[in-house]
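Residue numbers (my numbering), protein chains in the order written: chain G, 1 to 239; chain Y, 1 to 239.
Hint data in this document are derived by calculation from the structure and do not stem from the laboratory. Since no wrong hints were added, every one of them can be taken at face value.
Identical copies go unnamed one by one, so any copy, or any two together, can satisfy a pair.
List time: in silico BS3-like cross-link candidates among lysine-lysine, alpha-carbon distance up to 30 Å:
hint : residue 1 : residue 2
1    : 2         : 16
2    : 63        : 73
3    : 203       : 5
4    : 89        : 5
5    : 2         : 89
6    : 2         : 203
7    : 90        : 185
8    : 73        : 185
9    : 185       : 203
10   : 16        : 61
11   : 61        : 2
12   : 90        : 203
This structure is a prediction, so every number in the text was calculated from the model and none was measured.
There are 2 protein chains.
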Amino acid sequence: MKQAKVRLFVEQPLGKGQTVLMDRDQANYLFNVMRMGAGDLVALFNGRDGEFTAEVVEAGKRKGVLLCQRQTKPLQLPPDLWLCFAPIKKARTDFIVEKAAEMGAAVIQPMQTAFTNSERIRRDRLQAHAVEATEQCGGTYVPELRELERLDKLLTIWPEDRQIMFCDEALVGAKEVLGEVGGDKWAIFIGPEGGFSEAERAKLRDMGHAVSLGPRILRADTAAVAALTIWQQHLGDWG
Amino acid sequence: MKQAKVRLFVEQPLGKGQTVLMDRDQANYLFNVMRMGAGDLVALFNGRDGEFTAEVVEAGKRKGVLLCQRQTKPLQLPPDLWLCFAPIKKARTDFIVEKAAEMGAAVIQPMQTAFTNSERIRRDRLQAHAVEATEQCGGTYVPELRELERLDKLLTIWPEDRQIMFCDEALVGAKEVLGEVGGDKWAIFIGPEGGFSEAERAKLRDMGHAVSLGPRILRADTAAVAALTIWQQHLGDWG
Numbered sequence: 001m002k003q004a005k006v007r008l009f010v011e012q013p014l015g016k017g018q019t020v021l022m023d024r025d026q027a028n029y030l031f032n033v034m035r036m037g038a039g040d041l042v043a044l045f046n047g048r049d050g051e052f053t054a055e056v057v058e059a060g061k062r063k064g065v066l067l068c069q070r071q072t073k074p075l076q077l078p079p080d081l082w083l084c085f086a087p088i089k090k091a092r093t094d095f096i097v098e099k100a101a102e103m104g105a106a107v108i109q110p111m112q113t114a115f116t117n118s119e120r121i122r123r124d125r126l127q128a129h130a131v132e133a134t135e136q137c138g139g140t141y142v143p144e145l146r147e148l149e150r151l152d153k154l155l156t157i158w159p160e161d162r163q164i165m166f167c168d169e170a171l172v173g174a175k176e177v178l179g180e181v182g183g184d185k186w187a188i189f190i191g192p193e194g195g196f197s198e199a200e201r202a203k204l205r206d207m208g209h210a211v212s213l214g215p216r217i218l219r220a221d222t223a224a225v226a227a228l229t230i231w232q233q234h235l236g237d238w239g
Numbered sequence: 001m002k003q004a005k006v007r008l009f010v011e012q013p014l015g016k017g018q019t020v021l022m023d024r025d026q027a028n029y030l031f032n033v034m035r036m037g038a039g040d041l042v043a044l045f046n047g048r049d050g051e052f053t054a055e056v057v058e059a060g061k062r063k064g065v066l067l068c069q070r071q072t073k074p075l076q077l078p079p080d081l082w083l084c085f086a087p088i089k090k091a092r093t094d095f096i097v098e099k100a101a102e103m104g105a106a107v108i109q110p111m112q113t114a115f116t117n118s119e120r121i122r123r124d125r126l127q128a129h130a131v132e133a134t135e136q137c138g139g140t141y142v143p144e145l146r147e148l149e150r151l152d153k154l155l156t157i158w159p160e161d162r163q164i165m166f167c168d169e170a171l172v173g174a175k176e177v178l179g180e181v182g183g184d185k186w187a188i189f190i191g192p193e194g195g196f197s198e199a200e201r202a203k204l205r206d207m208g209h210a211v212s213l214g215p216r217i218l219r220a221d222t223a224a225v226a227a228l229t230i231w232q233q234h235l236g237d238w239g
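All chains, full assembly: derive it from the sequences and hints.
Here's what the structure looks like:
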């Protein structure tokens, strides 16, 4: 049986017998870059209906038509986990977004901290990056990119029922057992390269659960993957 | 008290009262790029003697002299953990080496697998990358970069007393409890983007302990950090 070699995120609804129109960019990618044509198979997902195999029925220069054949994966929602991080250099920020999508975060919340340099982010660019990472990793859900928010404001309006796990560079050796805390709504906080300020750390200690990421100082993107691993192992869908 | 703002790896022995000569590249970095001068402090480590604070006593265009004042960190050896990985695109390979240094691997072993594209690596370049990552992360030990080796050969001469942890993409849900296996010599095996071949996987299953990295497919660099996290949490120095 032929296999879909390309995985593509689309906005349209998916279902058996549903036709899906390719826009100019998608047509260019499928039919020029990937040299696909009528009869070839593509895996489609839209973040809501799972994954479908679709056959190319029309391949044009600027448009195309695909026909959904069968569902190949049900929608698999990630755990209700937010990753809150302080944007750093562009490439590292891109990496954190990619990693969050691969590791299964539901929401990505960029935040400004006392030691964050970045005043603004390109939310649409980062969202596109999350889509691309989801296409790659076989996920059926694309994490939602939130607008940049100040850490102090985030914590002021923080929902009471969402637990906070935060990575404390000052903590050596000790770690709370996440399993004992429980709860199904969580957020992980990752500080910027310079770490959290003393005031921020005190506030996070007060509101959240500190974990140690070992005796070496991790870059923010490494820390994001390590923290997501710890959480997914204890409370998430890696069980 | 003045603090060292720069951390530098050197080859020479370190000890209280020891003078350390800067070569051309180091002098350029300290005195031109970082604009340091006599009286400024630098943190030095050599992978053997821990970390020392040293004062600049001579700052020249092509050379310089530093004087070790006091030890600021003892040598902290990482656990006896090897990271065996299949080199991929240059940037991702660099990332894996950086991550291995940050996360505390002792040995980094690049390997050729059935689905590895890379025929060769630049060992010296990757070793320099590990040095840089160690300078950044505050570690006092630089992981050793081994020469590229074929996976089948590696497994043929595998030391009997070294346990293997390997990340099995086909494994869903189950995971062995590493703590029950125990042992203090370990190696983590990370496959290439295309995964291990069926034969390789069978061999690794036979010789090692499989762990799951969740339901999504992780890129090799993400998988390396996730696997190192799991190992460090259960058996390493994050305890």
